[in-house]
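Could you put together the complete structure from these sequences and hints?
Protein chains in written order, with my numbering: chain A, 239 to 670; chain B, 24 to 287.
Hints are computed from structural coordinates only; laboratory data are not their basis. Please note that a few of the clues may not be correct.
[What the hints assert, rightly or not] Label-pair restraints from in silico Cβ distances:
id, chain 1, residue 1, chain 2, residue 2, range
1, B, Gly-78, A, Gln-565, 47 to 57 Å
2, A, Leu-633, B, Ser-30, 29 to 39 Å
3, B, Ala-107, A, Phe-356, 31 to 41 Å
4, A, Asn-600, B, Ala-246, 25 to 35 Å
5, A, Ser-422, B, Asp-54, 11 to 21 Å
6, B, Ala-147, A, Asp-472, 52 to 62 Å
7, A, Arg-624, B, Gly-200, 55 to 65 Å
8, B, Gln-208, A, Glu-413, 14 to 24 Å
9, A, Asp-635, B, Gly-78, 21 to 31 Å
10, A, Ala-416, B, Asp-240, 35 to 45 Å
11, A, His-489, B, Asp-131, 18 to 28 Å
Beta carbons: idealized from backbone N, C-alpha and C, even for Gly.
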Amino acid sequence: MARRTIKVEQIARVEGEGALHVDVNDGRVERVELNIFEPPRFFEAFLRGRDFSEAPDITARICGICPVAYQMSAVHAMEAACGISVGGALRELRRLLYCGEWIESHALHVYLLHAPDFLGYPGAVEMAQEHGSLLQQGLRLKKAGNAIISILGGREVHPINVRLGGFYRAPRRSELMALRDELSWGRDAAFDAVRWAGELVFPEFERDYEFVALRHPTEYPMNEGRIVSSRGVDIDYYEFSRVFEEFQVAHSTALHSRMRGQGAYLVGPLARYSLNFDRLPGSVQSAALTAGLDQECRNPFKSIIVRAVEILFAFEEALRIIDCYEQPEESAVPVTPRASVGEWATEAPRGLLYHRYETSSNGSILEAKIIPPTSQNQPSIEDDLRTVVEGNIALEDDELRSRCERSIRNYDPCISCATHFLKLNINRRGGV
Amino acid sequence: MKKANESRPKLAVWKFASCDGCQLSILDLEDELLALASEIEIAYFLEATQTASDGPYDLSLVEGSITTAQDLERIKTVRRQSKALVTIGACATSGGIQALRNFRDVNDFLAVVYADPGYIDTLATSTPIADHVAVDFELRGCPVNKYQLLEVVTAFVFGRKPMIAAHSVCMECKMRGNVCVTVAQGIPCLGPVTQAGCGAICPAYDRGCYGCYGPQDTPAMSAMTDVLDAHGMSRRDIQRILSTFNANATPFLEESQRHGTADD
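This is the structure in structure tokens:
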């Protein structure tokens with residue numbers, strides 16, 4: 239009886255480094271491991287002893303693709319620790335900054351990382367000859383998202399303008415209005431993007447995920463909301479560790495997460511969309527339904543449509559915020575440190591990003607806990623892979639390997655966030 | 024667009040311990056990316072494409088620092104395959120923020136993050152690429168400036184010296200027309216000792232420079248910290264601001280240590 243092994247030594251078009259290892263014995267999947275081998279960087283350790291005001295700039299360096307998410311979870315958690323909340327125009331500006339990051343990060347994934355899987359290319363640059371205008375549109379959408387971050391944050395990667403209590407400098411109304419034409423173009427182009435994504439060909443594949451995302455009374459969630467799940471979880475941030483736990487596995491330098499007593503759950507665009515469809519504006523809802531989505535989406539390959547829908551939403555929301563914006567008198571509210579604990583979660587492009595800090599009265603960080611979305615999704619990714627391999631066991635190794643890599647890219651996994659990422663080794667024993 | 028079979032310079036992009044932000048800067052060149060890809064062959068760039076051509080490469084861009092025994096071997100292989108090797112960003116040029124472990128016991132760090140530290144393979148230090156192999160050019164910044172990155176790639180492709188200024192952020196402020204935040208508002212600022220390249224963004228947003236491009240070539244560190252002190256920064260805060268994304272860069276490291284340790 240031969241054993242069959244399928245390996246992917248380095249997974250391409252993901253952020254960070256990882257590999258995949260699958261063992262098949264007699265047509266039965268024995269082991270599926272997503273190996274994250276990116277070297278650990280110990281953020282939670284060296285945050286101890288730093289000043290509370292440093293958390294947004296330091297944690298941004300966990301991820302160059304979603305630094306805004308880290309800055310947002312950090313400022314909210316610290317403000318919660320200090321007992322203040324930020325409202326009005328400053329709250330709106332934070333949401334605007336997040337719109338920029340959702341657009342930039344999702345457009346990167348949809349056009350440069352994910353589209354090649356559907357169109358049959360090794361990468362986006364190789365698509366340029368035959369799909370030049372599609373790629374140009376994707377890059378322009380991405381640039382429009384980055385323009386929001388640059389104006390409001392100072393630069394695209396590791397923005398410098400975010401601080402506890404608000405911003406170092408609040409933009410003038412005219413600075414934001416200068417973005418308006420390009421954002422209007424982006425909104426129109428995003429309608430096309432949703433339609434285009436809906437016409438791609440998708441494998442028949444659905445799983446009964448437990449979705450987890452924020453839910454806000456009126457808004458599609460970004461900076462705040464209760465943590466809810468499709469199976470009835472409905473908790474405040476401070477209850478996070480009562481419901482969810484982290485655990486370590488030997489094959490990954492990223493900690494995994496699970497729901498206590500339950501197991502894998504799913505965060506990210508599918509979860510956010512499926513739990514918050516009713517919070518999207520009518521125009522975005524109808525674009526989604528016209529593109530063939532239901533109000534809930536359980537096919538991870540269709541995450542490309544959901545990301546396009548969220549790009550569209552982010553353009554609409556950015557335009558709404560800019561049109562209503564009046565420059566506030568003060569660019570930040572004062573935040574005074576105290577001995578306390580602060581916890582918060584925001585919706586990073588890849589899903590729920592949880593921060594928890596314990597602070598002392600002089601502002602030093604005593605303890606930090608950060609749980610990124612890709613860590614939370616690792617068990618779900620492995621479960622997807624198991625289902626994909628079992629359902630396609632007759633495929634040749636190359637084809638199966640490619641199907642596995644696609645399943646991983648569905649998640650837009652950020653290995654730098656999770657720590658480091660991906661080899662696929664598929665071991666086959668027995669007749670298949 | 025040139026045909027694929029024409030001989031074009033081969034570019035490779037490598038990642039070590041880092042956040043991906045510097046290599047993302049290549050993909051953030053939205054207006055230039057496709058033109059760039061037609062002039063050079065992207066031979067190895069895992070974040071962007073599955074295509075992986077074997078070396079040798081005309082130019083290797085290296086992001087990230089050396090933190091594991093395997094990476095120490097890997098960088099030597101990369102060097103052997105590369106005609107020119109350019110390091111990009113604070114991790115690759117100074118060890119990055121993960122170099123904060125260099126001043127502590129890494130086993131304590133492991134125990135804070137991992138329940139079973141035995142699985143984890145890591146070195147006690149995070150070090151810049153130039154500590155291990157010859158480097159042809161270092162582009163600073165956390166993150167790098169994407170236009171400077173484009174300039175460096177262009178220069179190497181055409182075989183000329185990159186035009187990257189060696190002066191301080193202070194000079195960039197003057198060129199940008201920023202009013203000095205220290206003089207006008209009393210805000211402590213590392214601009215006088217920090218390598219230029221960002222475009223003096225922080226002062227333009229009413230914030231003092233926090234040194235993410237690392238020390239410039241001839242920084243007057245003690246004069247700098249006297250000014251920080253005069254503008255109300257505590258010893259503890261001076262120590263901290265010099266111990267961030269370029270904590271392992273010698274001028275920042277020595278001056279930081281003069282102001283105590285992280286545990287003070």
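Which numbered conditions among the earlier hints are violated in the structure presented, ordered from lowest to highest? 6
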